[in-house]
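**Student:** I would like the entire structure built from these sequences, with the hints used as guidance.
2 protein chains.
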Amino acid sequence: MSKHKVIFPQNLIIEAETGATLKELMNREGIEFDFPCGGRGKCGKCKVRISTGAGEPLDEEKRVLTAKEIAEGIRLACLTRVKGDMRVEFLSDKKIGHQILLSGLDRTVAIDPHINKKYLEVDKATVRDMRTDWQRIKDRLAAQGDEYRNAKIRLPVLRAIPGLMNNTGAKMTAVFYNYNNKVRGLENGDTSGRLLGIAFDIGTTTIVGYLVDLYTGKELSVVSTLNPQTQYGADVISRITYASQNPRGLDDLHRAVTGALNSLIGEATKSAGVSRNDIYAITAVGNTCMHHLFVGINPQSVALAPYVPVVSDALQGDPSDFNLEINPAGKVFVLPNIAGFVGADTAAVLLATDFDKSEDIRLVVDIGTNGEIALGNKDRILACSTAAGPAFEGAQITCGMRGATGAIDHVTFGGNLEYSVIGNVEPIGICGSALLDTVAGLVENGLIDERGRFMEPEEVTHPVGKKLKDRLIRYNEKPAFLISGSFDDTGSRPVLVTQKDIRELQLAKGAMATGIKILMKNYGLQAEDIKEVLLAGAFGNYLDPHSACAIGLIPAELEGRIKMIGNAAGAGAKLALLSAAEYRRAEQAARKVEFVELGSDPDFTSVFAESMLFPAQENGSKS
Amino acid sequence: MSKHKVIFPQNLIIEAETGATLKELMNREGIEFDFPCGGRGKCGKCKVRISTGAGEPLDEEKRVLTAKEIAEGIRLACLTRVKGDMRVEFLSDKKIGHQILLSGLDRTVAIDPHINKKYLEVDKATVRDMRTDWQRIKDRLAAQGDEYRNAKIRLPVLRAIPGLMNNTGAKMTAVFYNYNNKVRGLENGDTSGRLLGIAFDIGTTTIVGYLVDLYTGKELSVVSTLNPQTQYGADVISRITYASQNPRGLDDLHRAVTGALNSLIGEATKSAGVSRNDIYAITAVGNTCMHHLFVGINPQSVALAPYVPVVSDALQGDPSDFNLEINPAGKVFVLPNIAGFVGADTAAVLLATDFDKSEDIRLVVDIGTNGEIALGNKDRILACSTAAGPAFEGAQITCGMRGATGAIDHVTFGGNLEYSVIGNVEPIGICGSALLDTVAGLVENGLIDERGRFMEPEEVTHPVGKKLKDRLIRYNEKPAFLISGSFDDTGSRPVLVTQKDIRELQLAKGAMATGIKILMKNYGLQAEDIKEVLLAGAFGNYLDPHSACAIGLIPAELEGRIKMIGNAAGAGAKLALLSAAEYRRAEQAARKVEFVELGSDPDFTSVFAESMLFPAQENGSKS
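Listed in order, the protein sequences are those of chains A and P.
FYI, in numbering that gives the first Met the number 0 the residues of the first sequence are 0 to 622.
FYI, in numbering that gives the first Met the number 0 the residues of the second sequence are 0 to 622.
Possibly wrong hints are sitting among the right ones.
Note that identical chains are pooled: a pair holds if it fits in a single copy or bridges any two copies.
[Said to hold, decoys possible] Restricting the straight-line Cα-Cα distance to at most 25 Å, the calculated cross-link-like pairs of lysine-lysine (DSS-like) are:
(1) Lys151 <-> Lys181
(2) Lys123 <-> Lys591
(3) Lys468 <-> Lys217
(4) Lys4 <-> Lys117
(5) Lys41 <-> Lys4
(6) Lys151 <-> Lys591
(7) Lys181 <-> Lys170
(8) Lys46 <-> Lys117
Treat the hints as calculated values from the structure; they're not laboratory data.
This one's a predicted model, so the numbers in the text were calculated from it and none came from an experiment.
**Tutor:** Structure representation (structure tokens):
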């Protein structure tokens, strides 16, 4: 069956087979449109104008449409069938409500990009019509809709007019921000079909970019890179110190991140076979420090009591304000921060999870070098931040590594030990999720005690533990647990977990658990009140929920309610890119959040001390 | 009598003697304020708050003011006398209506600068007040007045906040455009007393700058320079050709003029003892070609039929958009064009002369390389442009020179010839006004005929003419008229007018006279309907009205109604700098003007041929 191109308003181009009705296409693509009589051609309410490719009207259409309407190409969307390429226009000014489903999240969004375009054919001046070039562009725009009346223009765009008026027929495309009447760009010819955007999640360690088509919501490519700021320090505090103590420190860090974004834009557009000039919108999220460094603000105040950011508002700017190389008519949108250590990335997570609209009480935990936790529903949201440290990301762990080829990513304790390796190669180290599994197994099989101390082999009493006893070795004269490989020359490289590694994980999980408990206490909630636990972040997507509960990272009662939602910060950035309304909502959601400063809580020390412990095992031994 | 400093709202600082009442000061300085009872202290309506320097209240004040008002420093302006330095605040939000008189023009303007400032003292964050730095600046601004609520901020200014919050007490001054709530600048400490602007008149040949205090309207210095674009061509057409035919031509011309403006800013601020960083507003006027080159727009369309500019609207931009080096929080305002060859300079002339408000029909003639003419009143304004050529400026004239030292600037024909020389030195050439006088004298004394041809000595019949006959010499074998000096080695260098010079002047005055006549015809006016003839431009200020009428540049009937108004374009630029309302009015005035394209007029050829002739003299001889 042959395929045709059907162009809906806002240049939404849909491939359609011969014979499909427009109603079917709209339903399939999630375009909101009313069919009051259910699509039987009776009510005549689903009128559209077929400006290209209108065929003869059906008898049913002749009954409800006037001759004038028929002559103008008006047809009923429920009855009109695709026979060839078509262009469909709506009779009202309403924006197309084109819904797309966000992968990994059970939610759809109506596409409503920040940038819009208008194609114009402008007459040239004659002795009888001496309007200026800009005046005739303005007049043509005014005829396109009320929102374009009394148009203004940016100075650099005004300068481009003489070049555009010289092309044949003075055909050009005007670029606008949010249906505002200021012309941000004028492009030669008809470029109205090209409108891309890229959403960035700027992590302390990793930056991810999502290139999307702003008409269809389709993801064209996903790219990622190590945050090059790591050369100035692995964690936010060392970067803040660098920014504050070096005369050009702030600039170095700002340029490092924007340079990385420009490289990612190059990579993403190359892989999608498009031009970086087709990109008109960028959204960016990150923790408060990443946010300030990206915007170019000295983040020093974030590191000093009372840990207040310079700015929390959602920010917009031109690409040149951020040294970003996309279409200069485009715009950059930075999502709002919440508090000193609860940044725009958390605002994006709240957006992606519809946290501020939920009836149910939910807990969302974004695990990274810093862990951000939010608890609540549409009525009240509490949030806090914990310095979990890099243990979850495999850093500062003896055999630790990021989740890359060669990393053991999951470990199962049974009669013996089983593990899986990323890329199915010989293991060279372990990543965070496997460290969690290992420690969970050690706890559950009585190989370490509640305080995290390795048992001496003779202390082990757990039946499974006994079988694993041989793996309790000494490494650099200290106790350790061997996962794979051996120390003789014949076998593969040993991968093990040391006492120090366990202490690192204890600190990390203790910090996270403390945050969860203090938020619950402040909210006045028990575990049973929480309907859902959402684990976000790259790490959150890989860890085993049982292991997380076994070590006490998440309260054990919640194990059955854990849901992995992947990179929700990135998904929120994408939402804010596809929908101006969602971007505005992020600001409202962020302002709704009450920040809880954990260190100021009177119970902090005792809760933290208790959270460092592992849960007692019924059949484990006590030291 | 000792002097004190009295500071009125908007930082208007007035020097006042001991004992003067505030009412007297306000009247003297043109500050609009109501004194319903005439200043007798009876009605209690002229309340002001004396925030610094309030003395004990008078008994009359105690009768009309409450104890609370008195405690708050409220006093009556009609009764309060200056005893020392004082700060006076108005109780209503109204802007101060401070009138200044523009020299050379019979009009005053209420000062209302485009840029305003607010001094702020901002609290720092504490554990109990964790608002962000920007939020606390916003909140402090909101308390200053409704116009500052929900303030926005420019990204580069946001980046400056951490540096400002570190200063003692976080004292800063916010800079705004036109009471808009977007912060354009934040400056360390209290800079609210500094607000300067500079108005530029960008002529084809000369650029003039007026540095003024935007609080008082006081002119701090006037600077001028040759337009360095002359290196690319003396007239607008040769510059347009250069811009269009060289790849970097437009940029060369744009940088030439903006570079000159930056130099003039340096010169003006140095001479006034201020900093270029104190300048927050620039206005610029020029003909359409100068306008386009200054804005950075290719002016090619202005030179090609149908001679339409790219843009006529009043334009605003940041200093960096124009490569201008003033305070980056400042703004640049370009006045509107009227038509292809009637530019923003004419719009400024109309503004300066209140042309669009006048009941009387007036004619304004701005004489330069291009001559712009406007005719009309508040009901209808016609305008045209004539390519007068450079003769009026002394260029392309055998002994011609600009009005500088050594130039003969006026010539009187009596029993013999008398002349004055700029700088009272030996003459080295003549400038436009003297050329006009000379030709007028030659016409009136029968030494040239109606067609401009030199008489042979024997043809001269006019009594005065006969005495001057010896000055009719031959130069390069052609007739000429010797004004000063001689050809022998002993005397000073000869200054003379040749037949070719007379032809040049005939073309120039013919073009101007044609414009005046065609406008009068189109308007349906006779000379007697015109109440006033305003001569603008540097040249217009020097020429002798009688000479202008004697050669037929201005209709002879209007001689008694001629008024010199000096550089009215520059005065208009200054008005638009001192008053945002006047700037907006320039746009309205410009749009009101009907442009008359002289070349399209069916009578053009015959009127031009007739206008080239000199008026017939009753007692002169005919050839």
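**Student:** Check each numbered hint against the structure and report the violated ones by number, ascending.
**Tutor:** 3 and 5
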